[in-house]
Amino acid sequence: EAQVTQNPRYLITVTGKKLTVTCSQNMNHEYMSWYRQDPGLGLRQIYYSMNVEVTDKGDVPEGYKVSRKEKRNFPLILESPSPNQTSLYFCASSLNTRSPLHFGNGTRLTVT
Amino acid sequence: GENVEQHPSTLSVQEGDSAVIKCTYSDSASNYFPWYKQELGKRPQLIIDIRSNVGEKKDQRIAVTLNKTAKHFSLHITETQPEDSAVYFCHTDKLIFGTGTRLQVFP
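Same order as they appear, the protein sequences are chains A and B.
1 is the number of the first residue of the first sequence in my numbering; add one for each residue after it.
1 is the number of the first residue of the second sequence in my numbering; add one for each residue after it.
Certain hints may be false.
[To be verified] Below 30 Å or equal to it, Euclidean Cα-Cα: the simulated DSSO-like pairs (lysine-lysine) are: (1) B/K57 to B/K94; (2) B/K58 to A/K57; (3) B/K37 to A/K65; (4) B/K42 to A/K65; (5) B/K42 to A/K69; (6) A/K65 to B/K71; (7) B/K37 to B/K57; (8) A/K17 to B/K37; (9) B/K71 to B/K22; (10) A/K57 to B/K22; (11) B/K71 to A/K57; (12) B/K94 to A/K57; (13) B/K94 to A/K69; (14) A/K71 to B/K37; (15) B/K71 to A/K71; (16) B/K37 to A/K57; (17) B/K42 to A/K18; (18) A/K57 to B/K42; (19) A/K71 to B/K94.
[To be verified] According to the in silico footprint, chain A covers these stretches of chain B (three or more CB under 8 Å from chain A): (20) 31-39; (21) 44-58; (22) 77-86.
Since the hints were made in silico from the structure, they are not lab data.
Glycine included, every Cβ here is placed at the ideal spot set by N, Cα and C.
Isolated chain B, as found in the complex:
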């Protein structure tokens, strides 16, 4: 079955720096790659997603890139702010989630 690996498990950055989180998947037939943000005590919520017919998608400070050949996709957050502190999850269209990345942004 599908295997999704997410790295790193924790990430600490200074406010204003960039953060990158990567997910690697195993099923080459996967076509949908979303990212979710889960703030403390709250439910996961979609922040950005990408489909296999594009290599990159951007929404203000957030972007997702996809490398179908290497079977990985990454979340990029630029100019990080303290409110970006949360746990971030990826999954593929097999609905198997990565184990999450705890991002801490220090002022």
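Same shape as in the complex, but just chain A:
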């Protein structure tokens, strides 16, 4: 089944404790991206990747890192999480920027 798999679904952590949210797609998509969703603010892009080893900042990249060592994986790394990073995170992938986005099931992160 074609899908984008995100893990974990829920994560509660403390300020400053490094964490990684994994994202994997099995559709051989070139494009992958991370979004955060906050009430009233819609989906804001954090980072995106057009292909392996190519990553670019989105609208809200501060406090986040990504890597794209393989085509299928695009992990999101928070080196030192802070409470303002409490949010719902979505990974998405598509063939290119003019094709439908396929979203993962989301990761609800709480930083205390």
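Take the given structure of chain A and dock chain B to it, following the hints.
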């Protein structure tokens, strides 16, 4: 950079009525215009999309219209049903999303 404005932010309609949501974009080079539906607690999922070489596309009760001159595209839902209640998002091929429209359909 690209700017995408989506209106209205909330929309309440009676079951059976029509609903229209509009997105306005700034980059005239944009060529791909999708709409996503996000039900409560779930991920956004594509419901319909349109490319710049057509002005309208229809899929049963859902349609999307595109006005490239005015740089806006709209989602039209006819004969709304309670299961249409969700948040709807648009974006362009710059992958910048509108802020979403919460649609509530009352029985």
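Cross-check of the supplied hints:
{"no.": "1", "hint": "B/K57 to B/K94", "result": "holds (21 Å)"}
{"no.": "2", "hint": "B/K58 to A/K57", "result": "violated (35 Å)"}
{"no.": "3", "hint": "B/K37 to A/K65", "result": "holds (28 Å)"}
{"no.": "4", "hint": "B/K42 to A/K65", "result": "holds (25 Å)"}
{"no.": "5", "hint": "B/K42 to A/K69", "result": "holds (28 Å)"}
{"no.": "6", "hint": "A/K65 to B/K71", "result": "violated (34 Å)"}
{"no.": "7", "hint": "B/K37 to B/K57", "result": "holds (17 Å)"}
{"no.": "8", "hint": "A/K17 to B/K37", "result": "violated (34 Å)"}
{"no.": "9", "hint": "B/K71 to B/K22", "result": "holds (11 Å)"}
{"no.": "10", "hint": "A/K57 to B/K22", "result": "holds (27 Å)"}
{"no.": "11", "hint": "B/K71 to A/K57", "result": "holds (26 Å)"}
{"no.": "12", "hint": "B/K94 to A/K57", "result": "holds (13 Å)"}
{"no.": "13", "hint": "B/K94 to A/K69", "result": "holds (23 Å)"}
{"no.": "14", "hint": "A/K71 to B/K37", "result": "holds (27 Å)"}
{"no.": "15", "hint": "B/K71 to A/K71", "result": "violated (34 Å)"}
{"no.": "16", "hint": "B/K37 to A/K57", "result": "holds (25 Å)"}
{"no.": "17", "hint": "B/K42 to A/K18", "result": "holds (26 Å)"}
{"no.": "18", "hint": "A/K57 to B/K42", "result": "holds (25 Å)"}
{"no.": "19", "hint": "A/K71 to B/K94", "result": "holds (21 Å)"}
{"no.": "20", "hint": "31-39", "result": "holds (count 4)"}
{"no.": "21", "hint": "44-58", "result": "holds (count 5)"}
{"no.": "22", "hint": "77-86", "result": "violated (count 0)"}
The structure does not agree with the numbered hints 2, 6, 8, 15 and 22 stated previously, though it agrees with the rest.
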